[in-house]
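Engineer: Position chain B against the provided structure of chain A, taking the given hints into account.
Just so you know, the protein sequences line up as chains A and B, in that order. If you count the first sequence from 1, position 46 lands on 46 in my numbering, and the numbers rise without skipping. If you count the second sequence from 1, position 138 lands on 138 in my numbering, and the numbers rise without skipping.
Just so you know, the hints here were simulated from the structure itself, not pulled from any lab data. What you were told as hints is all true, and nothing was included just to trick you.
Listed next, the in silico DSBU-like pairs over lysine-lysine satisfying Cα-Cα at most 35 Å (straight line):
| no. | chain 1 | residue 1 | chain 2 | residue 2 |
| --- | --- | --- | --- | --- |
| 1 | B | Lys42 | B | Lys233 |
| 2 | B | Lys101 | B | Lys130 |
| 3 | B | Lys101 | B | Lys67 |
| 4 | B | Lys101 | B | Lys42 |
| 5 | B | Lys42 | A | Lys10 |
| 6 | B | Lys67 | B | Lys42 |
| 7 | B | Lys42 | B | Lys130 |
| 8 | A | Lys78 | B | Lys233 |
| 9 | A | Lys10 | B | Lys101 |
| 10 | B | Lys233 | B | Lys303 |
| 11 | B | Lys294 | B | Lys233 |
| 12 | B | Lys303 | A | Lys78 |
| 13 | A | Lys10 | A | Lys78 |
| 14 | A | Lys78 | B | Lys101 |
| 15 | B | Lys130 | B | Lys67 |
Predicted model, so just to flag it, every value in this text is computed and none were measured.
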Amino acid sequence: MQLDPDSVPKLWRMTRLQFDPVRQRPVLLYPEGAVLLNDTGAAILELCNGSNTVGQIVSILAERYGADVSTDVSEYLKLMAERELIRA
Amino acid sequence: MPDIPTTLLAELTHRCPLHCPYCSNPLELIRAESELATDDWKRVFSEARALGVLQLGLSGGEPLLRKDLEELAAHARTEGLYSTLVTSGLGLTRARAERLKEGGLEHIQISIQDSDPEVAERIAGVRSVKHKQAAAAIVRELGFAFTVNVVLHRANLDRLAEIIDLAADLGADRVELANTQYYGWGLRNRASLMPTREQVERSRETAERAIQRYRGRMQITYVLPDYYELYPKPCYGGWGKLYLVVTPNGMVLPCHGATGITTLRFDDVRSHSLAWIWRESEAFQAFRGDSWMKEPCRTCPRKTVDFGGCRCQAFALTGDAANTDPVCTLTPLRRIVDEALTEPSEEMHEYSYRYVAGEPQQV
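In isolation and in its complexed conformation, chain A is listed as follows (with noise of 0.2 Å):
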């Protein structure tokens, strides 16, 4: 899957974004495995809803963050796409 700019990064369907009190840390849970997160990882997921561009996704947490976040971004979203569990 090639992500630039303006693909619209979506969670698969079969995923659920969750907050773990044992663990203390965000999670994703999908059929038969789990990924830890972090804060800033889960915060870039929320976004992946299907309706913000990869670009919509940089400038919301650049603002949030008041940093420059596209290249953090980019590779997250590259990472969870070759995991196949975000779909564009």
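Structural biologist: Then chain B, alone, in the frame of chain A:
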């Protein structure tokens, strides 16, 4: 402190309409009257979540034979577990599937035995192909995540490409292809099930091509038969590390094959909390870490990769669960596996089908 477990396999029942000769249930099947009650299972699921479990397998036997399955699945969802129903498909009516969906079940895994219907039913020991097709259609229509799983062996391995295509035709999101593991029933039927080296080599290439071809449409995982590997499998990340199994009568195991290790005693959810069993019980501590290891594992750099292999296999083949898994080519025990690979093979009609002892055989 031990690690936090991620996965619980709940063997809700050992009852099953199928009689597959490689069944992962033990040779001594638990009878219906000994099964845990609904409230026991609900408590187990709550305790599992509190312990850190994220993934729940609702398995069996055939879990649909439990009339309280919908209630159990709904409870698991309320607790925040991600559940997979592991089923033969037999008994999955639209009404039951709708109730499971309403309760929040997300993922259903249906087994198929072969792409050739006649062979499939000979393996299952029962008419089942049409039921499975109907169940797959319901799973798709209701929008569950859908995995097809297939146990591979000598009688179906040459049709691997057709089997993968069948899974795609059934609409699977994922297909899990796993070669038979030789414990319990599988070990009893090893001479009929063991593929040849040529079959294994061809199937590996077939699987690799299919993984490329279906990329983005259907995820394919392929588990090779460990007897043909150089090193053993890292069983669930090591003993008592991430995984636990609860049997139909409430025994807690580090692996579904562990009851085969007759030198260990396993504790019961009716007598102890799941947390105590995980952290403190003798069985779970028996092979944690590496202090139990003998040579060649003890000084082997691979001990952090495969943890000495499978304890159940070491016990089944050598009589000592602390031995190196005899699949490993670094141990002289490997001769046991090599000898098994030269055993004369038996034909399918000699399968010893999975039945409860004393149950009349109809095949």
